[in-house]
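K.L.:
Kindly generate the complete structure, drawing on both the sequences and the hints.
Chain by chain, the residues run as shown.
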Amino acid sequence: MKDRENEGTLPGPAVFTAPHSRRLFLKGMGLAAGATAILPTVAVGQNADAETEEIPGLKILGRGEQKVTLKVNGASRTVAIEPRETLLNVLRTKLGLTGSKEVCDRGTCGCCTVLLDGASIVSCLMLAIDAVGHEVTTIEGVADDPKNAALIDAFCEHDAAQCGYCIPGIVVRSSALLDENPAPTAEEIRQGLSGNICRCGTYTKIFDAVGSVSKGGRT
Amino acid sequence: MKAFDYAIASNESGALAALERGYRPKASGIDLLDLLKERTAAPDSLVSIADIATLKGIREEDGGIAIGALATLEETGAHAGIRKHFHALAEAAAEAATPQIRARATVGGNICQRPRCWYFRSADFNCLKKGGPTCYAVEGENSFHAVFGNGPCHITHPSNIAPALVAFGAEIVTVAPEDGGRTIRAADFFMLPEDGGIMKENVLKKDELVTEIRLPAAVAGQKSGYVELREKQSFDWPLVSCVAAFNGTKWTIVLGHVAPTPWRAKGSESLLGKAAAITPEIAEKAAAASDRGAKPMSQNAWRLKLVRAAVRRALLLADGKEID
Ligand SMILES: Cc1cc2nc3c(=O)[nH]c(=O)nc-3n(C[C@H](O)[C@H](O)[C@H](O)COP(=O)(O)OP(=O)(O)OC[C@H]3O[C@@H](n4cnc5c(N)ncnc54)[C@H](O)[C@@H]3O)c2cc1C
Ligand code: SF4
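For the record, the sequence lines run as chains A and B. According to the working numbering, the stretch in the first sequence is residues 4 to 222, in order. According to the working numbering, the stretch in the second sequence is residues 159 to 482, in order.
This list has only true hints and no planted wrong ones.
Pairs of lysine-lysine, DSSO-like flavour, derived with a Cα cap of 30 Å: (1) 74(A) with 214(B); (2) 97(A) with 195(B); (3) 195(B) with 363(B).
Rather than coming from a laboratory, the hints here were simulated on the basis of the structure.
P.N.:
See below:
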């Protein structure tokens, strides 16, 4: 994993807002030799009275909106986010990438599946700020990738979508599945797509579509 | 979701400094985000431990295996050494949740995830676990609650990997600012409600961080089997699980998702004695003894039938036999 300290994309400023004392700080830091991250003491944040301190090995970001740079679909996008915002929310509402769908918002349905450094994950249970320093690929990026052309055609040819709301997540997951296992068996396809729910129940056509490109016919 | 202060630790001492100041640790945040969205949890501050290099990866060392707290369920399920020597653990990790969750869910977060009791998860019920006056499950909907070791709180422990860690005699290693940390036997890590585990499910202190899970050196003749029974095959927690592990001399049978902690089926263990080979008859007898000490609630005695099936199948699988 990349070292965020050197990325320069998160603001370094640190105001420590929890009550504490310098003495406690020194006591706690007896083990900190070798830590490299000395933060700039630029005082921004909610609590102007808070004692500002530099803690090796800790970057304190506060709770307010901050500018970060996210790498999404190959482009660097600078965006102001609060630490509590999910990746899904930022993709949809701040970066205009509405292909990832919010359905259950609790990690069960798979409709918000995106790739994080190539691995498929649910973006509703990830903080956007945690994506700094990683490559995010949404359905928009997956669809533009020439290696997925045959996969997407297969979804159309097999008439795999009914209402279609689950399909972006399923295509992203299928793309990752074919990266992990270029020739999955029917059972491996079912297992591999077990984190995606289709409420219209077009599973058989979805499995057929993925199966049709799995035998080396992806591109 | 309530706003929180956020900090990112790049090493263990940075994380401990934050914990000392009241920050709560966050690994991948899968369980935490669920709790935050439901307002079941509303911490003022979170420290991300996800970038700490010393907590990552799985190492084979001194004959044993050390699983970093940030190793994912996917890595754990796919690790060749774990698959070979601690098969039930690999299976438990590989069958948890969904592919998308397993890709990020950490083992540290998995053993520390909060229970799935629907009263606990709903902000509308201020039950015992949240410092309230009563357990709503006793008079309420308790089909999915505990049948062993329960009361006054009746949760089932949600972790897939916890029973295997207990069965294999794993140790949980921590760091803490005061005393530097400790090594805790998995069996001593999880806490029953009657032993003080009402507001929390394990012995961790607020400023203590899990750094790794250690599996002991495998011994000759070691074998294990894992079975979980689910209402849905995916995106939900198992109803019942069972790890049957033979360490060359004796069997350890640990049940999951039926008690507030991983639960030793001591009735089955004593019936098995030193029998290394499992016949269908022995498996059936051991399974029949699995309900010793059970305390089913008003709606959930059916779970004991699943326990029986899980024990029987796990034993047969451990011994390389066919299951129906
Ligand atoms: C749809 C769905 C289905 C699921 N199904 C299953 C299932 O079948 N079986 C199963 O076992 N799990 C299941 N899970 C739960 C999932 O495995 C856990 O939520 C996940 O492992 C938590 O890991 P995390 O890194 O995201 O933890 P976080 O959410 O970051 O943390 C969880 C808790 O652990 C604490 N914590 C984390 N790391 C440490 C550490 N190193 N030291 C001290 N405290 C720490 C945090 O403070 C927090 O309280 C499911 C989850 C979802 C969303
Ligand atoms: S079982 Fe535990 S968590 Fe659930 S309502 Fe009762 S006290 Fe609360």
